[in-house]
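S.K.: Sequence:
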Amino acid sequence: MRRLLPLIGTPGSHPGGRSALTCRFRCGDACFHEVPNTSDNAYVGDVIAGAIGRRSMMRAAAVVTVATATGAAVVGTGAQDARAAQAVEGGAAARTGHTVDKAARGLRFSPVAPNTADAVTVPGGYGQNVVIRWGEPILRGAPAFDPEHQTAKAQAGQFGYNNDFLALLPLPGERGRQLLVANHEYTDEVLMFRGYDPANPTREQVEVAWAAHGLSAVVVEEDRRTGRLTAVTRHALNRRVTATTEFRLTGPAAGSDLLKTSADPTGRKVLGTLNNCSGGTTPWGTTLHGEENFNQYFANASRDTDKRYGLGTGATERKWERFDKRFDVAQEPNESHRFGYVVEFDPYDPSSTPRKHTALGRFKHEAATVRLTDDGRPVVYTGDDERFDYFYKFVGSKRMRHGSSRSVREHNLSLLDEGTLYVARLTGDSPAADIDGSGKLPGDGEFDGGGEWIPLVTATARGAVSHVDGMTVEEVLVFTRFAGDKVGATKMDRPEDIQPSPHTGKVYVVLTNNTNRGKAGSAGADEANPRNANKHGHILELTERRGRAEATTFGWSLFLVAGDPADPATYFAGFPKDRVSPISCPDNVAFDPHGNLWISTDGNQLGSHDGLLGVATKGERRGELKQFLTVPTGAETCGPIIQDRRVLVAVQHPGEIDGASVEKPASNWPDGPGKIVRPAVVSVWRTDGCDIGV
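Counted from 1, the sequence shown has number 948 at position 561 by our numbering; the numbering is strictly sequential.
Hints are computed from structural coordinates only; laboratory data are not their basis. In this text, a Cβ means the ideal position worked out from N, Cα and C, and glycines have one as well. Careful: at least some of the hints might be erroneous.
Taking CB as the label site, the calculated pair distances span [said to hold, decoys possible]:
(1) HIS798 - LYS540: 30 to 38 Å
(2) THR939 - SER794: 42 to 50 Å
(3) GLY701 - GLY1046: 18 to 26 Å
(4) GLY1006 - GLN1030: 18 to 26 Å
(5) PRO818 - LYS1051: 53 to 61 Å
(6) GLY642 - GLY1061: 52 to 60 Å
(7) TYR735 - VAL852: 31 to 39 Å
When you get a sec, could you build the whole thing from the sequences and use the hints?
M.R.: What follows is the structure, encoded as structure tokens:
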């Protein structure tokens, strides 16, 4: 996930007032380079626009209030549990006419008010603690964190920086313990190193940053009396994967001339993984991780293929190319082709080599979520997090096997190497003249449409075939964006997380925002991307034909159009808008045990910090949206996990505000004044020991 919109309350010279610091370190100034997709493909906003206004008018009651409960804000410390205070009497429930008892099951809590507290704020009656912070030792021999004397060797044994996607996996035979896997998307060097000089980083600083990227696996243990979750340091399954760890390239493009370098003439071995954003867990017990803004790490690019992927023509922000020529496209033209894949990691085998699956295509993967067909084949949904780019589906051809033997696990690790990669094309059912980008209701009174999955490549054990005229298999899988352009995929407003519901099978596609929609030279609104200058984002609900995951056609409808509920262009699945929390820039999503969709935000444009919200997806309360927590100053909410008795979030880049540094911090989270700001994982639970939201 990258932030392309302003951090709330942080004035700056960048478009929309967003933080220049975020633009530099998060996404490599993605909003300052030209939009990479210059194809004439349809824009999904044009497909959706009319229905928003129509449904809003059908719900014509004026919106007066939004959820404004006062929650409990706590700064986490290592010395004691962070405890939630009680909500102020009355709270949002009374002011919106919404009572906790009548809310959808799983959402029965007093919503947290929009706020700008430098803390994780949770509802009254809930407690929290910091599970693990950047720099805490997790491997044997790793030293305690010392921000004034960081070394690459130390960081390689410590929890990485800017935690994003989270997975919690069972740990058979170890009662009360689970295995936590976390992505480490990118590094904020100015917030990591005292006296950091962006123009002249040292080799040690660069190597610390390499070690702070990647993945962490760490066993965590729960305290059943309090709900507190803590890391088990130096467990045998704890592991760090960094920017210098060896990976295998697998699938049809592995070994291609497009992937060979001077250091790897086989085209099958890569060092490291970069900018891991969201991900997913597999039914066979591995985790998937999407390499997103990899373009920002590579200098001196010049080819059209580089431009389509957003690589810059000059030096990079971090200057890594000064210390390793593989980050200099002029010297190693194929190295950048080896990033931008879905990574598969086996957390139960510390000796395993992680894999990069070329069969799932190369682009800025935001996530990779998995479901199985009725006959046990994997289906993976993934989005390309760029303005006007596409979302994809991979349907495997091999069936998952059950068991834990080495042969079974090796078979299952090959499931994502054979199958068909598709890209989505959406159509609306309203006349083009009815779609003007304002949210005005189309004449047919509906806000939905159909779609098809267009095949790009099919891979089998005997070989692979391209379905894209004029492109080979290797070209489709290494330059997947070009393949989507050629087959006429639908341009979307930054496709991020895509989650199939385990309860209904419907698929939710999160579109974070796109302020370029409708600008001169850019695509305008369509029925699936309803608003020009879309700064708040929206969520689509897809229904695969006959409910079959492998279907090649689907229906879609608008589920949620984000923004201030008082804005007539917003929509909450038809639920009364005077009874919902405001939401802006949806990003990661996850389902709770009751079938509610929980949404984390990135880049809130409504004057509040980012947070985590839950929304009912079925029943009479469908569309009921309630805010559960907010995160500290400058931070983004990532990686939500919703269990029966616990919610986990990754608090990413706290303090990431223009002008902030180690010397001038913008946040004191999580350890208070005088301590360096540190990204961390937070656990939240009910203090009475009952399940979340019931």
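S.K.: Which numbered conditions among the earlier hints are violated in the structure presented, ordered from lowest to highest?
M.R.: Checked against the structure, the only hint that fails is number 2, while the rest are satisfied.
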